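J.: Each chain, letter by letter, is given below.
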Amino acid sequence: MRTRKVLFLPAAAVFGFLFVWGLSGLPAFGDYRGPYGIVLAQVAVSERHATEVVGATTFDYRGFDTMGEEYILFAAVLGLVILLRQLREEREDEEEQQSDYDQRLEASDTLRVLGIGLVGPLILLGIYVVAHGHVTPGGGFQGGVILAAALMVVYLAGRYLAMKRVRPVPLVELAESGGAAGFVLVGVGGMIAGSAFLYNFLPLGEPGTLLSAGMIPLLNISVGLEVTAAFVLLISEFLDQQFVKGRDET
Amino acid sequence: MSFLPYAAAVWLFLIGLYGIVTSRHLVHLIVCLTVVQSSTYVLLLAIGYRAGAEAPIFADIPPETPVVDPVVQALTLTDVVVGATVSALLLGLTLQAQKRLGTVNPDEIGVLKG
Amino acid sequence: MTVLQAALLVLVALGGSAVVLVRDPLRQAIVAGIFGLLLALLFFAFQAPDVALSQIVVGSVALPLMIVLTLAKLARLRGSDE
Chain A
1 MRTRKVLFLP
11 AAAVFGFLFV
21 WGLSGLPAFG
31 DYRGPYGIVL
41 AQVAVSERHA
51 TEVVGATTFD
61 YRGFDTMGEE
71 YILFAAVLGL
81 VILLRQLREE
91 REDEEEQQSD
101 YDQRLEASDT
111 LRVLGIGLVG
121 PLILLGIYVV
131 AHGHVTPGGG
141 FQGGVILAAA
151 LMVVYLAGRY
161 LAMKRVRPVP
171 LVELAESGGA
181 AGFVLVGVGG
191 MIAGSAFLYN
201 FLPLGEPGTL
211 LSAGMIPLLN
221 ISVGLEVTAA
231 FVLLISEFLD
241 QQFVKGRDET
Chain B
251 MSFLPYAAAV
261 WLFLIGLYGI
271 VTSRHLVHLI
281 VCLTVVQSST
291 YVLLLAIGYR
301 AGAEAPIFAD
311 IPPETPVVDP
321 VVQALTLTDV
331 VVGATVSALL
341 LGLTLQAQKR
351 LGTVNPDEIG
361 VLKG
Chain C
365 MTVLQAALLV
375 LVALGGSAVV
385 LVRDPLRQAI
395 VAGIFGLLLA
405 LLFFAFQAPD
415 VALSQIVVGS
425 VALPLMIVLT
435 LAKLARLRGS
445 DE
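Taken in sequence, the protein lines are chains A, B and C. Under the numbering used here, residues 1 to 250 are what the first sequence spells out, in order. Under the numbering used here, residues 251 to 364 are what the second sequence spells out, in order. Under the numbering used here, residues 365 to 446 are what the third sequence spells out, in order.
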């Protein structure tokens, strides 16, 4: 360990010097010259009727990148599910899970009341953030994680078995694939309408209302669905790990 | 003084790298990796900043006000969520390491075992 | 470069150092959650509300939860080995 630190510090110093030297060639902080951002800010509201330029950029002007990143999410969740399902060749016992849980961690009353009070508003907040992705800050990614967090509150405030009932795994997997496929289908709709992939072919409405910006709300909803299902599956895989008894633990 | 954001990005990168190099627990290593990732977020947003400008949301400001760059924000936004998912995958690998090799100390997981 | 942005940048650098220098993974999960919130404040100061929303939701909700669950399972696996 000592030799590692001794080797690391000079190397880091050289790297840090080169990094700082490279960054000092950039324009000063606050002096923004790039034309792309300025052009986008000027045309986004009039061209796409979306008041939120970042959302319009993510889902329309650079929608192809977002599709790729959504598939990174999908592939990572797939990899994790495969990895952790292999561990579950061990025996799984339903009643033992619940009695084990009751012995070890009984949620306090404060936590339970707070949790029950928070689940409804969190779901509403998540749906609000997803639906208004093209009007105010938010969108599919943020709203999706908020919705997944609402489900986690069910687990924290209640019992693991209650949470298991609320997230039937085949339905969640269907939702995730549906969200991922929905993105591509909306893009193909653009092709069917006679133009390029991910072309905004739906009627643009009044900027600032909920039904505007063409297909961007649809893409937001499909991304929100996919991200929610992805995070629910992720946390479920970790939680299932918690309660599975190993074969050597009987 | 105007070099401070870039200096913060460089510092975060180097300290995160130090944490990865001298880590003795795989979960500690994964959290240091998220610190390195956050240095790129700070750098991206610092590049796109425009002095005296507003956020690029035209819901309540007139359409001619100068705004900061929306493109780097779009890049950073998806980057944040994908970074969390990659960390989840790495945590799953940590569980496998404990199960198969019996240790989560990166120094002891040396040679590849078949 | 306002005073708020400069102060938040210094705090973020200190927070990053704190995350790295805390060695125990369980304590590090809490410090990482606080670091996530500091980063989100910095993003707000840089006029990026979308990115800040993502960072809050991911860095203070999803990431500490996953870390703590992994640590719980690791403790259980290690307990059954001994």
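Hints in this document: simulated from the structure, not taken from any laboratory. It should be emphasised that the depicted structure is a prediction, and the values quoted were computed from it without experimental measurement. Honestly, I wouldn't trust all of these hints.
Stated by the list, open to error - Partial list, derived from the structure: chain A residues whose beta carbon lies under 7 Å from chain B: (1) Phe19; (2) Trp21; (3) Leu23; (4) Val43; (5) Glu47; (6) Val54; (7) Ile82; (8) His132; (9) Ser195; (10) Ser236.
What the hints assert, rightly or not - Part of the chain B face toward chain A, derived, beta carbon under 8 Å: (11) Val260; (12) Leu264; (13) Tyr268.
We treat Cβ as the ideally placed atom computed from N, Cα and C, and that holds for glycine.
J.: Hints first: check each against the structure and report whether it holds.
T.: Hint check:
no.	hint	verdict
1	Phe19	holds (5 Å)
2	Trp21	violated (10 Å)
3	Leu23	holds (4 Å)
4	Val43	violated (10 Å)
5	Glu47	violated (12 Å)
6	Val54	holds (5 Å)
7	Ile82	violated (9 Å)
8	His132	violated (10 Å)
9	Ser195	violated (22 Å)
10	Ser236	violated (12 Å)
11	Val260	holds (5 Å)
12	Leu264	holds (5 Å)
13	Tyr268	holds (7 Å)
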